[in-house]
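Engineer: Sequence:
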Amino acid sequence: MEDWNLRTIIKKMGERFTDHKEKGSVKGFKKSIDENKALETFIQNNFKEFKAQASIGQGSVTTYPWIAIFYPPITTSAKRGIYVDYLYSSKVKKVSLCIQLGAEQFGSISQKNVENIKNNIKNILGKDIPSDDINLIDRDEQLQPTQTESEKALEYKDAVVCSINYDLENLPSNEEMMRDLDYFISLLKKITKEKLDEIFRNNSNIISEEDESYNVEITNPQIDLNTIYYGVPGTGKSYQVKQLIKTNNISDEDVFRSTLHPEYSYSDFVGQVLPDAIDNKPTYKYQPGIFTKALERALKVGEPVLLILEEMSRANVTAVFGDIFQLLDRDQAGKSDYGIDNDLIYNHLDEEAQNALKGKKIILPENLYIIGTVNTSDQNVFPMDNAFKRRFSWKYVSIETPDDENNPELTIKVGKGNQVTEYPVKWSELLFKLNEFIVSRDKGLGLTEDKQLGPYFIKFNDTNDIKTNDELIKNKLLQYLWDDVQNSMAAFGNANITLFDKSIYSFSELYECHDKQQIFSNEFLGKDYLDLLNQEVDNHEE
59 MEDWNLRTII KKMGERFTDH KEKGSVKGFK KSIDENKALE TFIQNNFKEF KAQASIGQGS
119 VTTYPWIAIF YPPITTSAKR GIYVDYLYSS KVKKVSLCIQ LGAEQFGSIS QKNVENIKNN
179 IKNILGKDIP SDDINLIDRD EQLQPTQTES EKALEYKDAV VCSINYDLEN LPSNEEMMRD
239 LDYFISLLKK ITKEKLDEIF RNNSNIISEE DESYNVEITN PQIDLNTIYY GVPGTGKSYQ
299 VKQLIKTNNI SDEDVFRSTL HPEYSYSDFV GQVLPDAIDN KPTYKYQPGI FTKALERALK
359 VGEPVLLILE EMSRANVTAV FGDIFQLLDR DQAGKSDYGI DNDLIYNHLD EEAQNALKGK
419 KIILPENLYI IGTVNTSDQN VFPMDNAFKR RFSWKYVSIE TPDDENNPEL TIKVGKGNQV
479 TEYPVKWSEL LFKLNEFIVS RDKGLGLTED KQLGPYFIKF NDTNDIKTND ELIKNKLLQY
539 LWDDVQNSMA AFGNANITLF DKSIYSFSEL YECHDKQQIF SNEFLGKDYL DLLNQEVDNH
599 EE
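Its first residue numbered 59, the sequence shown is counted upward by one per residue in this note's numbering.
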(Lines of atoms letter the chains of each structure in order from A; the text may use other names.)
(Lines give C-alpha, C1' and ligand atoms only; values in the text may rest on other atoms or scores of the structure.)
Protein backbone atom coordinates (compact mmCIF):
# COMPACT_ATOMS: atom_id res chain seq x y z
CA MET A 59 0.00 0.00 0.00
CA GLU A 60 1.49 3.33 -1.03
CA ASP A 61 1.37 6.27 1.37
CA TRP A 62 -1.94 8.13 1.36
CA ASN A 63 -2.07 11.90 1.74
CA LEU A 64 -4.28 13.65 4.28
CA ARG A 65 -7.18 14.21 1.90
CA THR A 66 -7.24 10.52 0.93
CA ILE A 67 -7.13 9.39 4.57
CA ILE A 68 -10.06 11.61 5.56
CA LYS A 69 -12.03 10.38 2.53
CA LYS A 70 -11.21 6.70 2.98
CA MET A 71 -11.86 6.77 6.73
CA GLY A 72 -15.25 8.33 6.03
CA GLU A 73 -16.05 5.43 3.69
CA ARG A 74 -15.03 2.97 6.40
CA PHE A 75 -17.19 4.76 8.99
CA THR A 76 -20.16 4.69 6.59
CA ASP A 77 -19.72 0.96 6.05
CA HIS A 78 -19.80 0.22 9.80
CA LYS A 79 -22.76 2.54 10.39
CA GLU A 80 -24.77 0.76 7.69
CA LYS A 81 -23.93 -2.61 9.23
CA GLY A 82 -24.66 -1.28 12.73
CA SER A 83 -21.54 -2.99 14.07
CA VAL A 84 -18.07 -2.00 15.28
CA LYS A 85 -16.76 -5.50 14.64
CA GLY A 86 -13.63 -5.53 12.48
CA PHE A 87 -12.93 -1.80 12.59
CA LYS A 88 -9.55 -2.22 14.28
CA LYS A 89 -8.66 -4.65 11.49
CA SER A 90 -9.18 -1.93 8.84
CA ILE A 91 -5.47 -2.23 8.08
CA ASP A 92 -5.23 0.14 5.12
CA GLU A 93 -6.97 3.10 6.79
CA ASN A 94 -5.43 2.74 10.26
CA LYS A 95 -1.95 2.01 8.94
CA ALA A 96 -2.14 4.99 6.58
CA LEU A 97 -3.20 7.24 9.47
CA GLU A 98 -0.34 6.00 11.66
CA THR A 99 2.21 6.45 8.86
CA PHE A 100 0.95 9.93 8.02
CA ILE A 101 1.29 11.13 11.63
CA GLN A 102 4.77 9.61 11.99
CA ASN A 103 5.95 11.30 8.80
CA ASN A 104 4.45 14.74 9.44
CA PHE A 105 3.90 15.19 13.21
CA LYS A 106 6.34 12.92 15.04
CA GLU A 107 5.47 14.30 18.46
CA PHE A 108 1.79 13.39 18.04
CA LYS A 109 -0.33 10.23 18.27
CA ALA A 110 -3.51 9.48 16.33
CA GLN A 111 -6.54 7.30 16.94
CA ALA A 112 -9.73 6.67 14.95
CA SER A 113 -12.98 5.43 16.52
CA ILE A 114 -16.36 4.16 15.31
CA GLY A 115 -17.41 3.40 18.90
CA GLN A 116 -16.95 0.77 21.62
CA GLY A 117 -19.52 -2.01 21.91
CA SER A 118 -21.98 -0.19 19.64
CA VAL A 119 -21.57 2.24 16.75
CA THR A 120 -21.09 5.82 17.90
CA THR A 121 -23.31 8.63 16.66
CA TYR A 122 -20.38 10.76 15.47
CA PRO A 123 -17.18 8.90 14.45
CA TRP A 124 -13.86 10.69 14.84
CA ILE A 125 -10.13 10.78 14.22
CA ALA A 126 -8.24 12.29 17.15
CA ILE A 127 -4.68 13.68 17.01
CA PHE A 128 -3.19 13.84 20.51
CA TYR A 129 -0.26 15.87 21.80
CA PRO A 130 1.09 13.52 24.54
CA PRO A 131 2.39 16.31 26.85
CA ILE A 132 -1.28 17.33 27.20
CA THR A 133 -3.32 14.13 26.73
CA THR A 134 -3.56 10.78 24.95
CA SER A 135 -7.28 10.30 25.69
CA ALA A 136 -10.36 11.60 23.89
CA LYS A 137 -12.13 11.80 27.23
CA ARG A 138 -9.93 14.44 28.84
CA GLY A 139 -7.56 17.31 28.03
CA ILE A 140 -7.57 19.07 24.67
CA TYR A 141 -6.64 17.80 21.23
CA VAL A 142 -7.13 18.20 17.46
CA ASP A 143 -9.69 15.95 15.79
CA TYR A 144 -11.72 15.32 12.66
CA LEU A 145 -15.34 14.92 13.74
CA TYR A 146 -17.67 13.24 11.23
CA SER A 147 -21.39 14.06 10.98
CA SER A 148 -24.25 11.66 11.75
CA LYS A 149 -24.59 10.33 8.18
CA VAL A 150 -20.87 10.85 7.42
CA LYS A 151 -21.60 13.51 4.82
CA LYS A 152 -19.53 16.23 6.52
CA VAL A 153 -16.36 16.36 8.59
CA SER A 154 -15.08 19.15 10.85
CA LEU A 155 -11.46 19.80 11.76
CA CYS A 156 -11.64 20.87 15.41
CA ILE A 157 -9.70 21.78 18.48
CA GLN A 158 -11.76 20.05 21.11
CA LEU A 159 -11.87 19.53 24.84
CA GLY A 160 -12.57 16.02 26.15
CA ALA A 161 -16.30 16.20 26.93
CA GLU A 162 -16.26 13.76 29.87
CA GLN A 163 -14.26 16.16 32.04
CA PHE A 164 -17.27 18.53 32.04
CA GLY A 165 -19.30 16.17 34.25
CA SER A 166 -18.66 18.16 37.42
CA ILE A 167 -18.69 21.62 35.82
CA SER A 168 -21.64 23.94 35.30
CA GLN A 169 -22.65 25.16 31.84
CA LYS A 170 -21.56 28.69 32.75
CA ASN A 171 -18.09 27.48 33.72
CA VAL A 172 -17.78 25.39 30.54
CA GLU A 173 -18.18 28.62 28.57
CA ASN A 174 -15.59 30.31 30.81
CA ILE A 175 -13.11 27.49 30.12
CA LYS A 176 -13.60 27.77 26.36
CA ASN A 177 -13.23 31.57 26.45
CA ASN A 178 -10.00 31.29 28.47
CA ILE A 179 -8.58 28.87 25.92
CA LYS A 180 -9.67 31.08 23.01
CA ASN A 181 -7.79 33.98 24.64
CA ILE A 182 -4.62 31.86 24.59
CA LEU A 183 -5.10 30.78 20.97
CA GLY A 184 -5.76 34.29 19.71
CA LYS A 185 -8.69 36.43 18.63
CA ASP A 186 -8.52 35.48 14.93
CA ILE A 187 -9.11 31.73 15.33
CA PRO A 188 -12.03 30.13 13.42
CA SER A 189 -15.43 29.98 15.13
CA ASP A 190 -16.67 27.01 17.17
CA ASP A 191 -19.70 26.57 14.92
CA ILE A 192 -20.20 22.93 13.87
CA ASN A 193 -23.20 21.17 12.37
CA LEU A 194 -22.99 17.45 13.04
CA ILE A 195 -26.56 16.47 12.19
CA ASP A 196 -27.14 15.60 8.54
CA ARG A 197 -30.66 16.80 7.82
CA ASP A 198 -33.14 14.46 6.15
CA GLU A 199 -36.27 15.77 4.52
CA GLN A 200 -38.38 12.99 6.06
CA LEU A 201 -36.60 12.00 9.26
CA GLN A 202 -35.98 14.22 12.27
CA PRO A 203 -32.70 13.76 14.17
CA THR A 204 -32.97 11.26 17.00
CA GLN A 205 -32.73 12.39 20.60
CA THR A 206 -29.30 10.78 20.90
CA GLU A 207 -28.07 12.64 17.79
CA SER A 208 -29.35 15.95 19.18
CA GLU A 209 -27.94 15.45 22.68
CA LYS A 210 -24.54 14.24 21.48
CA ALA A 211 -24.36 17.17 19.05
CA LEU A 212 -24.92 19.58 21.94
CA GLU A 213 -22.18 17.85 23.97
CA TYR A 214 -19.71 18.28 21.12
CA LYS A 215 -20.80 21.88 20.55
CA ASP A 216 -19.90 22.59 24.19
CA ALA A 217 -16.53 20.86 23.77
CA VAL A 218 -15.36 22.37 20.45
CA VAL A 219 -13.16 25.49 20.75
CA CYS A 220 -12.76 26.21 17.03
CA SER A 221 -13.45 24.36 13.79
CA ILE A 222 -13.21 24.32 9.99
CA ASN A 223 -16.06 22.46 8.25
CA TYR A 224 -15.70 20.37 5.09
CA ASP A 225 -18.11 18.59 2.77
CA LEU A 226 -16.85 15.02 2.30
CA GLU A 227 -18.12 14.91 -1.28
CA ASN A 228 -16.30 18.13 -2.13
CA LEU A 229 -13.14 18.20 -0.02
CA PRO A 230 -10.59 20.97 -0.74
CA SER A 231 -7.17 20.12 -2.12
CA ASN A 232 -4.69 18.19 -0.02
CA GLU A 233 -2.48 21.30 0.15
CA GLU A 234 -5.29 23.37 1.65
CA MET A 235 -6.23 20.65 4.15
CA MET A 236 -2.57 20.33 5.19
CA ARG A 237 -2.38 24.11 5.77
CA ASP A 238 -5.48 23.91 7.96
CA LEU A 239 -4.10 21.00 9.98
CA ASP A 240 -0.66 22.64 10.39
CA TYR A 241 -2.43 25.76 11.65
CA PHE A 242 -4.52 23.82 14.20
CA ILE A 243 -1.46 21.88 15.38
CA SER A 244 0.40 25.17 15.94
CA LEU A 245 -2.57 26.50 17.92
CA LEU A 246 -2.70 23.40 20.10
CA LYS A 247 1.00 23.76 20.97
CA LYS A 248 0.25 27.15 22.54
CA ILE A 249 -1.49 25.34 25.40
CA THR A 250 0.42 23.59 28.17
CA LYS A 251 -0.98 20.98 30.52
CA GLU A 252 -0.17 23.23 33.48
CA LYS A 253 -2.15 26.11 31.96
CA LEU A 254 -5.06 23.83 31.09
CA ASP A 255 -5.16 22.40 34.62
CA GLU A 256 -5.14 25.93 36.03
CA ILE A 257 -8.08 26.95 33.82
CA PHE A 258 -10.10 23.94 34.99
CA ARG A 259 -9.23 24.57 38.65
CA ASN A 260 -10.39 28.17 38.36
CA ASN A 261 -13.68 27.10 36.80
CA SER A 262 -14.56 23.99 38.77
CA ASN A 263 -17.56 23.57 41.07
CA ILE A 264 -15.44 23.16 44.18
CA ILE A 265 -16.84 25.29 47.00
CA SER A 266 -14.82 28.29 48.11
CA GLU A 267 -13.31 28.44 51.57
CA GLU A 268 -15.53 31.34 52.65
CA ASP A 269 -17.95 28.88 54.27
CA GLU A 270 -16.03 25.81 55.43
CA SER A 271 -19.20 24.13 56.72
CA TYR A 272 -20.29 23.67 53.10
CA ASN A 273 -16.86 22.98 51.61
CA VAL A 274 -17.91 19.61 50.13
CA GLU A 275 -17.56 17.87 46.79
CA ILE A 276 -18.51 14.50 45.42
CA THR A 277 -15.60 12.84 43.62
CA ASN A 278 -14.75 9.58 41.87
CA PRO A 279 -16.72 9.70 39.71
CA GLN A 280 -17.14 13.45 39.55
CA ILE A 281 -20.67 14.57 38.79
CA ASP A 282 -22.48 17.84 38.39
CA LEU A 283 -24.86 19.06 41.08
CA ASN A 284 -27.76 18.27 38.73
CA THR A 285 -27.05 15.03 36.88
CA ILE A 286 -29.11 12.50 34.94
CA TYR A 287 -27.84 9.03 34.08
CA TYR A 288 -29.47 7.85 30.86
CA GLY A 289 -29.28 4.85 28.56
CA VAL A 290 -31.20 1.87 27.23
CA PRO A 291 -32.98 -0.50 29.66
CA GLY A 292 -30.66 -2.70 31.69
CA THR A 293 -27.38 -0.80 31.37
CA GLY A 294 -27.06 -0.30 35.14
CA LYS A 295 -28.09 3.33 35.65
CA SER A 296 -29.33 2.67 39.18
CA TYR A 297 -26.17 0.68 39.82
CA GLN A 298 -24.12 3.76 38.83
CA VAL A 299 -26.02 5.76 41.45
CA LYS A 300 -25.46 2.99 44.01
CA GLN A 301 -21.72 3.05 43.30
CA LEU A 302 -21.72 6.83 43.61
CA ILE A 303 -23.18 6.52 47.10
CA LYS A 304 -20.75 3.74 48.05
CA THR A 305 -17.64 5.44 46.64
CA ASN A 306 -18.31 8.65 48.55
CA ASN A 307 -19.38 6.93 51.80
CA ILE A 308 -22.71 8.77 51.86
CA SER A 309 -24.83 7.63 54.79
CA ASP A 310 -28.42 6.42 54.45
CA GLU A 311 -29.63 9.52 56.31
CA ASP A 312 -28.26 11.69 53.49
CA VAL A 313 -29.93 9.78 50.65
CA PHE A 314 -33.51 10.61 49.63
CA ARG A 315 -35.00 8.49 46.86
CA SER A 316 -38.25 8.52 44.93
CA THR A 317 -39.46 6.74 41.78
CA LEU A 318 -41.52 8.88 39.41
CA HIS A 319 -44.60 7.59 37.57
CA PRO A 320 -47.40 9.06 35.38
CA GLU A 321 -49.47 10.11 38.42
CA TYR A 322 -46.53 11.66 40.29
CA SER A 323 -47.22 15.35 41.01
CA TYR A 324 -45.81 18.55 42.52
CA SER A 325 -47.63 17.70 45.77
CA ASP A 326 -45.82 14.35 45.96
CA PHE A 327 -42.48 15.97 45.21
CA VAL A 328 -42.61 19.17 47.29
CA GLY A 329 -45.45 18.61 49.74
CA GLN A 330 -49.06 19.50 50.43
CA VAL A 331 -51.45 20.52 53.19
CA LEU A 332 -53.54 17.56 54.35
CA PRO A 333 -56.24 17.03 57.03
CA ASP A 334 -54.90 16.03 60.45
CA ALA A 335 -56.12 15.72 64.01
CA ILE A 336 -54.59 17.16 67.18
CA ASP A 337 -56.23 16.25 70.50
CA ASN A 338 -59.15 14.82 68.51
CA LYS A 339 -59.71 18.16 66.85
CA PRO A 340 -59.62 18.37 63.05
CA THR A 341 -56.92 20.57 61.61
CA TYR A 342 -54.63 20.82 58.61
CA LYS A 343 -50.92 20.10 58.50
CA TYR A 344 -48.22 20.46 55.86
CA GLN A 345 -46.86 17.06 54.81
CA PRO A 346 -43.41 17.55 53.23
CA GLY A 347 -42.51 15.72 50.03
CA ILE A 348 -39.17 14.11 49.20
CA PHE A 349 -37.70 17.39 47.91
CA THR A 350 -38.51 19.36 51.08
CA LYS A 351 -37.10 16.58 53.27
CA ALA A 352 -33.86 16.49 51.28
CA LEU A 353 -33.59 20.29 51.29
CA GLU A 354 -34.01 20.49 55.06
CA ARG A 355 -31.37 17.83 55.61
CA ALA A 356 -28.90 19.55 53.25
CA LEU A 357 -29.37 22.91 55.00
CA LYS A 358 -28.52 21.36 58.36
CA VAL A 359 -25.49 19.19 57.54
CA GLY A 360 -22.14 19.76 55.88
CA GLU A 361 -22.01 16.46 53.97
CA PRO A 362 -23.31 15.83 50.45
CA VAL A 363 -27.04 15.04 50.36
CA LEU A 364 -28.43 13.12 47.39
CA LEU A 365 -31.98 13.52 46.08
CA ILE A 366 -32.38 10.55 43.72
CA LEU A 367 -35.23 10.56 41.22
CA GLU A 368 -35.61 7.27 39.36
CA GLU A 369 -37.48 6.95 36.04
CA MET A 370 -37.77 10.71 35.48
CA SER A 371 -39.20 10.41 31.97
CA ARG A 372 -42.23 8.51 33.27
CA ALA A 373 -43.67 11.67 34.81
CA ASN A 374 -44.27 15.21 33.59
CA VAL A 375 -41.14 16.55 35.29
CA THR A 376 -41.85 20.19 34.36
CA ALA A 377 -45.12 19.98 36.32
CA VAL A 378 -43.52 17.92 39.09
CA PHE A 379 -40.78 20.52 39.71
CA GLY A 380 -43.07 23.54 39.30
CA ASP A 381 -41.41 26.59 40.87
CA ILE A 382 -38.45 24.42 41.99
CA PHE A 383 -37.33 24.55 38.34
CA GLN A 384 -36.14 28.11 39.02
CA LEU A 385 -33.64 26.77 41.57
CA LEU A 386 -31.81 24.46 39.16
CA ASP A 387 -29.53 27.24 37.85
CA ARG A 388 -26.48 27.16 40.15
CA ASP A 389 -23.70 29.68 40.65
CA GLN A 390 -20.00 28.83 40.76
CA ALA A 391 -20.25 27.93 44.45
CA GLY A 392 -23.12 25.52 43.77
CA LYS A 393 -25.99 27.55 45.25
CA SER A 394 -29.11 28.49 43.29
CA ASP A 395 -28.61 31.61 41.18
CA TYR A 396 -32.18 32.68 41.92
CA GLY A 397 -34.28 32.05 45.02
CA ILE A 398 -38.05 31.58 45.14
CA ASP A 399 -40.78 32.57 47.58
CA ASN A 400 -42.50 29.46 48.93
CA ASP A 401 -44.03 29.98 52.35
CA LEU A 402 -45.18 26.37 52.69
CA ILE A 403 -41.62 25.07 52.39
CA TYR A 404 -40.07 27.85 54.48
CA ASN A 405 -42.58 27.54 57.35
CA HIS A 406 -42.03 23.79 57.49
CA LEU A 407 -38.25 24.13 57.96
CA ASP A 408 -36.99 24.14 61.53
CA GLU A 409 -35.06 27.11 62.92
CA GLU A 410 -31.63 25.66 62.09
CA ALA A 411 -32.54 25.15 58.43
CA GLN A 412 -34.19 28.60 58.18
CA ASN A 413 -31.06 30.25 59.59
CA ALA A 414 -28.94 28.46 56.97
CA LEU A 415 -30.99 30.13 54.23
CA LYS A 416 -30.08 33.59 55.58
CA GLY A 417 -33.42 34.96 54.44
CA LYS A 418 -36.88 33.76 53.44
CA LYS A 419 -35.94 32.94 49.86
CA ILE A 420 -35.74 29.20 49.17
CA ILE A 421 -32.49 28.17 47.42
CA LEU A 422 -30.62 24.93 46.79
CA PRO A 423 -27.49 24.72 48.95
CA GLU A 424 -24.22 23.64 47.35
CA ASN A 425 -24.26 20.21 49.02
CA LEU A 426 -27.64 19.13 47.62
CA TYR A 427 -27.17 16.92 44.55
CA ILE A 428 -30.16 16.07 42.37
CA ILE A 429 -29.48 12.76 40.62
CA GLY A 430 -31.93 11.28 38.10
CA THR A 431 -32.19 8.22 35.87
CA VAL A 432 -33.88 8.03 32.47
CA ASN A 433 -34.53 5.11 30.15
CA THR A 434 -34.09 6.29 26.57
CA SER A 435 -36.83 3.86 25.50
CA ASP A 436 -39.27 5.83 27.70
CA GLN A 437 -38.61 9.21 26.07
CA ASN A 438 -42.05 9.34 24.43
CA VAL A 439 -43.91 8.78 27.72
CA PHE A 440 -43.33 12.35 28.95
CA PRO A 441 -40.71 14.12 26.79
CA MET A 442 -38.60 16.67 28.67
CA ASP A 443 -38.43 20.15 27.22
CA ASN A 444 -35.03 21.57 26.33
CA ALA A 445 -35.14 24.25 29.04
CA PHE A 446 -35.39 21.52 31.68
CA LYS A 447 -32.78 19.26 30.08
CA ARG A 448 -30.22 22.07 29.79
CA ARG A 449 -30.12 22.41 33.58
CA PHE A 450 -28.82 18.87 34.01
CA SER A 451 -25.59 17.20 33.05
CA TRP A 452 -26.45 14.06 31.07
CA LYS A 453 -24.15 11.08 31.63
CA TYR A 454 -24.69 8.31 29.11
CA VAL A 455 -24.47 4.76 30.51
CA SER A 456 -23.30 2.65 27.57
CA ILE A 457 -23.95 -1.01 26.86
CA GLU A 458 -21.20 -3.18 28.28
CA THR A 459 -20.45 -6.90 28.31
CA PRO A 460 -22.17 -8.64 31.28
CA ASP A 461 -19.90 -9.67 34.12
CA ASP A 462 -19.45 -13.38 34.90
CA GLU A 463 -22.11 -13.24 37.63
CA ASN A 464 -24.78 -12.22 35.12
CA ASN A 465 -23.69 -14.16 32.03
CA PRO A 466 -25.28 -17.62 32.23
CA GLU A 467 -25.65 -20.27 29.58
CA LEU A 468 -28.98 -20.35 27.74
CA THR A 469 -30.42 -22.37 24.86
CA ILE A 470 -31.68 -21.35 21.43
CA LYS A 471 -33.89 -23.71 19.45
CA VAL A 472 -33.50 -24.04 15.67
CA GLY A 473 -35.97 -25.98 13.54
CA LYS A 474 -39.55 -27.18 13.94
CA GLY A 475 -41.49 -30.37 14.55
CA ASN A 476 -39.26 -33.39 14.98
CA GLN A 477 -36.17 -31.58 13.75
CA VAL A 478 -35.51 -29.13 16.59
CA THR A 479 -31.91 -28.64 17.70
CA GLU A 480 -30.97 -26.88 20.93
CA TYR A 481 -27.82 -24.76 20.82
CA PRO A 482 -26.01 -23.53 23.93
CA VAL A 483 -25.40 -19.79 23.97
CA LYS A 484 -24.12 -17.31 26.52
CA TRP A 485 -26.36 -14.37 27.53
CA SER A 486 -23.61 -11.95 26.41
CA GLU A 487 -23.55 -13.54 22.94
CA LEU A 488 -27.34 -13.40 22.52
CA LEU A 489 -27.39 -9.83 23.82
CA PHE A 490 -24.68 -8.71 21.38
CA LYS A 491 -26.48 -10.36 18.47
CA LEU A 492 -29.83 -8.79 19.43
CA ASN A 493 -28.37 -5.29 19.77
CA GLU A 494 -26.50 -5.60 16.50
CA PHE A 495 -29.63 -6.85 14.67
CA ILE A 496 -31.88 -4.15 16.18
CA VAL A 497 -29.86 -1.21 14.78
CA SER A 498 -28.35 -2.67 11.60
CA ARG A 499 -29.87 -0.96 8.55
CA ASP A 500 -28.23 -3.41 6.17
CA LYS A 501 -29.10 -6.84 7.57
CA GLY A 502 -31.24 -6.00 10.56
CA LEU A 503 -34.28 -4.09 11.74
CA GLY A 504 -32.80 -0.61 11.24
CA LEU A 505 -34.25 0.78 14.48
CA THR A 506 -32.72 3.46 16.70
CA GLU A 507 -30.31 2.52 19.47
CA ASP A 508 -32.84 3.32 22.22
CA LYS A 509 -34.48 -0.04 21.40
CA GLN A 510 -31.32 -1.92 22.38
CA LEU A 511 -30.83 -3.78 25.67
CA GLY A 512 -28.33 -3.49 28.49
CA PRO A 513 -26.65 -6.51 30.15
CA TYR A 514 -28.78 -6.14 33.30
CA PHE A 515 -32.13 -6.06 31.53
CA ILE A 516 -32.44 -9.48 33.17
CA LYS A 517 -30.75 -10.30 36.47
CA PHE A 518 -30.04 -14.01 36.57
CA ASN A 519 -30.02 -15.57 40.03
CA ASP A 520 -28.40 -18.91 39.22
CA THR A 521 -26.04 -18.96 36.27
CA ASN A 522 -25.82 -22.79 36.40
CA ASP A 523 -29.53 -23.59 36.03
CA ILE A 524 -30.15 -23.42 32.26
CA LYS A 525 -33.85 -24.28 32.53
CA THR A 526 -34.50 -21.47 35.00
CA ASN A 527 -32.53 -19.02 32.89
CA ASP A 528 -34.50 -19.97 29.77
CA GLU A 529 -37.68 -19.28 31.72
CA LEU A 530 -36.40 -15.80 32.57
CA ILE A 531 -35.82 -15.15 28.86
CA LYS A 532 -39.36 -16.32 28.16
CA ASN A 533 -41.00 -14.31 30.95
CA LYS A 534 -38.93 -11.13 30.94
CA LEU A 535 -37.37 -10.65 27.50
CA LEU A 536 -39.91 -11.85 24.95
CA GLN A 537 -42.63 -9.31 25.73
CA TYR A 538 -40.20 -6.39 25.39
CA LEU A 539 -38.87 -7.72 22.10
CA TRP A 540 -42.41 -8.24 20.79
CA ASP A 541 -44.01 -4.97 21.98
CA ASP A 542 -41.14 -2.49 21.83
CA VAL A 543 -38.91 -3.92 19.12
CA GLN A 544 -40.89 -6.09 16.71
CA ASN A 545 -43.98 -3.83 16.75
CA SER A 546 -41.85 -0.75 16.04
CA MET A 547 -40.96 -2.14 12.65
CA ALA A 548 -44.03 -0.94 10.73
CA ALA A 549 -43.40 2.71 11.58
CA PHE A 550 -39.63 3.00 11.84
CA GLY A 551 -37.71 -0.04 10.62
CA ASN A 552 -37.11 -2.39 7.71
CA ALA A 553 -40.63 -3.74 7.18
CA ASN A 554 -39.42 -6.78 5.22
CA ILE A 555 -37.14 -8.09 7.96
CA THR A 556 -38.47 -9.56 11.20
CA LEU A 557 -36.90 -10.56 14.50
CA PHE A 558 -39.22 -13.53 15.03
CA ASP A 559 -40.19 -16.41 12.75
CA LYS A 560 -42.77 -15.26 10.20
CA SER A 561 -45.14 -18.08 11.15
CA ILE A 562 -45.69 -16.40 14.55
CA TYR A 563 -48.47 -13.80 14.40
CA SER A 564 -49.18 -12.99 18.06
CA PHE A 565 -47.42 -12.77 21.40
CA SER A 566 -49.44 -15.69 22.75
CA GLU A 567 -48.09 -17.85 19.89
CA LEU A 568 -44.57 -16.62 20.57
CA TYR A 569 -44.89 -17.45 24.27
CA GLU A 570 -46.19 -20.95 23.56
CA CYS A 571 -43.61 -21.70 20.87
CA HIS A 572 -40.64 -20.70 23.03
CA ASP A 573 -40.34 -24.13 24.70
CA LYS A 574 -41.11 -26.17 21.55
CA GLN A 575 -39.49 -24.77 18.42
CA GLN A 576 -37.48 -22.02 16.72
CA ILE A 577 -38.88 -18.57 17.52
CA PHE A 578 -36.24 -16.29 15.99
CA SER A 579 -36.30 -15.56 12.26
CA ASN A 580 -33.79 -16.98 9.79
CA GLU A 581 -32.71 -13.39 9.08
CA PHE A 582 -31.77 -12.98 12.74
CA LEU A 583 -30.02 -16.33 13.08
CA GLY A 584 -28.21 -16.42 9.74
CA LYS A 585 -25.59 -18.97 8.77
CA ASP A 586 -22.71 -17.11 10.40
CA TYR A 587 -24.51 -16.88 13.71
CA LEU A 588 -25.48 -20.56 13.64
CA ASP A 589 -21.78 -21.34 13.27
CA LEU A 590 -21.06 -19.22 16.34
CA LEU A 591 -23.70 -20.89 18.50
CA ASN A 592 -21.59 -24.03 18.88
CA GLN A 593 -18.57 -22.13 20.17
CA GLU A 594 -18.14 -22.02 23.93
CA VAL A 595 -15.94 -18.92 23.88
CA ASP A 596 -17.73 -15.59 23.58
CA ASN A 597 -16.33 -14.17 20.33
CA HIS A 598 -17.73 -10.71 21.11
CA GLU A 599 -16.08 -10.13 24.47
CA GLU A 600 -13.48 -7.83 22.88
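Accuracy of the hints is not assured; some may be wrong.
Label pairs and their in silico Cβ distance ranges [as the list claims (entries may be wrong)]: (1) D408 <-> N178: 56 to 64 angstroms; (2) D334 <-> D310: 22 to 30 angstroms; (3) D443 <-> K170: 18 to 26 angstroms; (4) D334 <-> E567: 50 to 58 angstroms.
With a Cα cut of at most 30 angstroms, we get these calculated BS3-like pairs of lysine-lysine [as the list claims (entries may be wrong)]: (5) K358 <-> K215; (6) K215 <-> K152; (7) K304 <-> K109; (8) K304 <-> K248; (9) K471 <-> K453; (10) K358 <-> K416; (11) K170 <-> K215; (12) K453 <-> K416; (13) K69 <-> K137; (14) K85 <-> K215; (15) K81 <-> K106; (16) K170 <-> K106.
Derived from the structure by calculation, the hints contain no laboratory data. The C-beta atom is built at its ideal place from N, Cα and C for all residues, glycine as well.
Engineer: For every hint, state whether the structure bears it out.
Structural biologist: Each hint tested on the structure:
1. D408 <-> N178: 56 to 64 angstroms: violated (43 angstroms)
2. D334 <-> D310: 22 to 30 angstroms: holds (28 angstroms)
3. D443 <-> K170: 18 to 26 angstroms: Once the Cβ atoms are compared, 20 angstroms apart, the range 18 to 26 angstroms for K170 and D443 holds.
4. D334 <-> E567: 50 to 58 angstroms: With Cβ atoms ~55 angstroms apart, the hint holds.
5. K358 <-> K215: violated (39 angstroms)
6. K215 <-> K152: holds (15 angstroms)
7. K304 <-> K109: Since the Cα atoms of K304 and K109 sit roughly 37 angstroms apart, the hinted pair is violated (cutoff 30 angstroms).
8. K304 <-> K248: violated (40 angstroms)
9. K471 <-> K453: violated (38 angstroms)
10. K358 <-> K416: holds (13 angstroms)
11. K170 <-> K215: It holds: about 14 angstroms lies between the C-alpha atoms, which stays within 30 angstroms.
12. K453 <-> K416: violated (33 angstroms)
13. K69 <-> K137: holds (25 angstroms)
14. K85 <-> K215: OK: K85 and K215 at ~28 angstroms, within 30 angstroms.
15. K81 <-> K106: violated (35 angstroms)
16. K170 <-> K106: violated (37 angstroms)
Checked against the numbered hints above, the structure violates hints 1, 5, 7, 8, 9, 12, 15 and 16; every other hint is satisfied.
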